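Model the full assembly from the supplied sequences, consistent with the hints where possible.
Sequence order for the protein chains is A and B. Going by this note's numbering, the residue at position 251 of the first sequence is 251; the numbering climbs one at a time, nothing skipped. Going by this note's numbering, the residue at position 76 of the second sequence is 76; the numbering climbs one at a time, nothing skipped.
By construction, these hints were calculated from the structure, which means they are not laboratory data. No experiment lies behind these values; they were computed from the predicted model shown. Incorrect hints may have been included.
Residues of chain B placed beyond 12 Å of chain A at every Cβ, according to the derived structure [stated by the list, open to error]: (1) His96; (2) Ile145; (3) Ser153; (4) Val184.
To give a feel for the contact side, a few chain A residues facing chain B, derived at Cβ under 10 Å [as the list claims (entries may be wrong)]: (5) Val85; (6) Ser91; (7) Val139; (8) Ala147; (9) Ile151; (10) Leu158; (11) Tyr187; (12) Ala189; (13) Thr264; (14) Leu268; (15) Gly309; (16) Leu313; (17) Trp314; (18) Ala317; (19) Thr328; (20) Val332.
All C-beta atoms, glycine included, are put in the ideal place defined by N, C-alpha and C.
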Amino acid sequence: MTSTVTERPDSPGAAPGAGSRRLTERVFRIRESGIIAVFLVFVAVTTAIHPSFLNEQNIQFLLVNTVVYALLALGETMVVISRNVDLSIGSVLGLSAYVSAGLFGPHPGIPVPVVFLVGLGIGLACGMANGLMVALGRVPSLVVTLATLYIIRGIDILIVGGNEVTAQTLPNSFINIPRAGVLGVPYLAIAVAVVIGIGAYYLRSFRSGRELYAIGSNPEAARLAGIPTGRRIFTAFTVSGGIAGVAGVLWAAQYQTVDSTAGTGYELTVISAVVVGGVAIFGGSGSAVGAAIGALLLSSITSALNVLGISQLWLEAISGFLLLLAITLDRVISLRLQAALRRRSSGVGT
Amino acid sequence: MERDLLTRRLSGAARASLRWETGLGLLVVAIVIFGAATSPQFLTSTNFFNTGVSSGEIAIMALPMTLIVISGEIDLSVASILGMSSALLGFLWARHWPMPAIFVMVALLGIVAGLINGLLVTRVGLPSLAVTIGTLALYRGVALILLGPNTISNFPASYTNIGINPLPGTQIPYNVAIFVVLAVIFGIVLHFTATGRSIYAMGASPDAALFAGIRVKRVKTMLYVASGLVCALAGVLWTFRLATAVQNNGLGLELDVVAIVLLGGVSIFGGKGSMAGVVLAVIAFAALQNALLLTNFNQEATGIVIGALLLVSVFAPNAAALWRRGLPRWARGRPGRTAPSSPLGALHD
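Structure, rendered in structure tokens:
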């Protein structure tokens, strides 16, 4: 086959190469453009039925609700791209939310940045523990993070006891973090968008970011190509944990009442958002932007049900159905593309 | 010749899991000694009944899960099928359906739920982890739609008594008796039938199993259907035991079920594990929760111990290899060997 190509370096030989490059480009574009199209159609339809969906208050509500999920989705994307999974983020969020926001009770004057650093520190410690066990112990991340999901939640429950952080103990400067904004757009949403942009740029354009994709596509080949797979996976888990820690502090600022159940079940919602956003559950493809839009889509469904007056009871079934639809469509499209690529390459041979 | 290789590999796996079961047996003994030493109530028949009755449904759901994980897949929707069945039971009872007709409908619902999982995994070819996270939300969502915030609790006492009374003449709760019967059935299917051997084969190597003429897709679909049906049964038992049908029945139990199966020595990559191991893990899980309850340990924090056991269960088989290898090279700044660390390696592709 290769000889056929070299024999005909002119137009017939060049065309299939260019064609398959166009096709692969299209795959990359489809990954995000699909979810963006779904999101836009969803917003357009909802707005057409009920124009108040796009009023300032509702957009603000939507963005504030998305912030925590979109942040968590960024960390989870890094882990999932490397063909791992982090189930412990809900528990990390809960522990960080209680411990960090709980500092305001005994130390009312504590500066808000210190509280964020505490949350970040807790998250990083949990993430490092996950990363060390997965990378050093070479055990499946599903099992390790399932175990740390239990352990971190258990520690949280022991620390919390029967108490809870209440809104009265929290200073206004802390509570206002998700609420302050310009033109109805919370500063926090802008900051999170910037963070996601940086994360997406890192994954797309940095060597160590690209290496995560390589590890996810084929761990053994990545290792043989000289990629320090253990270190990269460790980094991905550490970042995911750190993000969950910060998200915990934001969660506390947003909901203001923190007990030992904070963040329970978030891990599966975030994985849903990541997968809906086009990140392959077995690694190697997807983007941070897609995952963030996945999170935005899931929380805009909540908001749309509100506006349209449909009972919130439908929310869970709809998001489950959406996830199944997303992965099925992704599968069908990739099968079509594979078939098309095969046809083209066999065309070269004959 | 290939079959020879396969048999040898399987018998090697069986030997490894035998050692694992010995360890689990010792763990159960240790928990019982701990429980008996710390609380005089631990070894009483009332306590035995309470321990059994409160873990029965989780134990029942762990049985089909064992076969599914050995076949190289996973089912995270089990607790949602339990909740959905419970909701349908309450929904139809509130509409004055006769109980036998309700049972038929609930069984059908479980079969359909399992069939959806199975077809999406085998025929569409999607990863079971993603599919069953989706149906976890979907089936729980159906429960929410059916019942909303309502609680149905006016079930006749002849049914709800299964949560209070043991089988006549014994101290065995109904759900534990059903677990024992099902464990024997699933154990026989797994260990003494051709289908059972094929489940190991497809977990160890899906391609080899396919080329050996095993109907991988059909068997896996059947496993999901069995799981759906058994989880529907667990939903009925759960509803009657607590005398309550509410949309969040069994919320989050899927992770408990997976934890038990893994603690039982079943490999998350498929192809390894035994029914005896899972049954021992069920006993260890139930006894441990009960012992910690009696020692006034914060009941909800028992997850720490279960999580630690899970870590031990996954690290113990690797410990020897890790020790032999010494410090991994990547820790010294050079690229080292890393085993494929996919969430479910055998499911790749």
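Tested hints:
1. His96: Given a closest Cβ separation of 23 Å, the condition holds.
2. Ile145: Given a closest Cβ separation of 5 Å, the condition is violated.
3. Ser153: holds, 20 Å
4. Val184: holds, 28 Å
5. Val85: Hint holds; Val85 (chain A) Cβ to chain B Cβ min 4 Å, cut 10 Å.
6. Ser91: This interface hint holds because 9 Å falls under the 10 Å limit.
7. Val139: holds, 5 Å
8. Ala147: With a minimum Cβ separation of about 4 Å from chain B (threshold 10 Å), the hint on Ala147 (chain A) holds.
9. Ile151: Hint holds; Ile151 (chain A) Cβ to chain B Cβ min 4 Å, cut 10 Å.
10. Leu158: holds, 5 Å
11. Tyr187: Status violated, d = 32 Å.
12. Ala189: violated, 25 Å
13. Thr264: holds, 7 Å
14. Leu268: Since the shortest Cβ distance to chain B is 6 Å, the answer is holds.
15. Gly309: violated, 15 Å
16. Leu313: Cβ of Leu313 (chain A) sits 5 Å from chain B, so the hint holds.
17. Trp314: holds, 6 Å
18. Ala317: holds, 3 Å
19. Thr328: holds, 6 Å
20. Val332: Since chain B brings a Cβ to about 8 Å from Val332 (chain A), closer than 10 Å, the hint holds.
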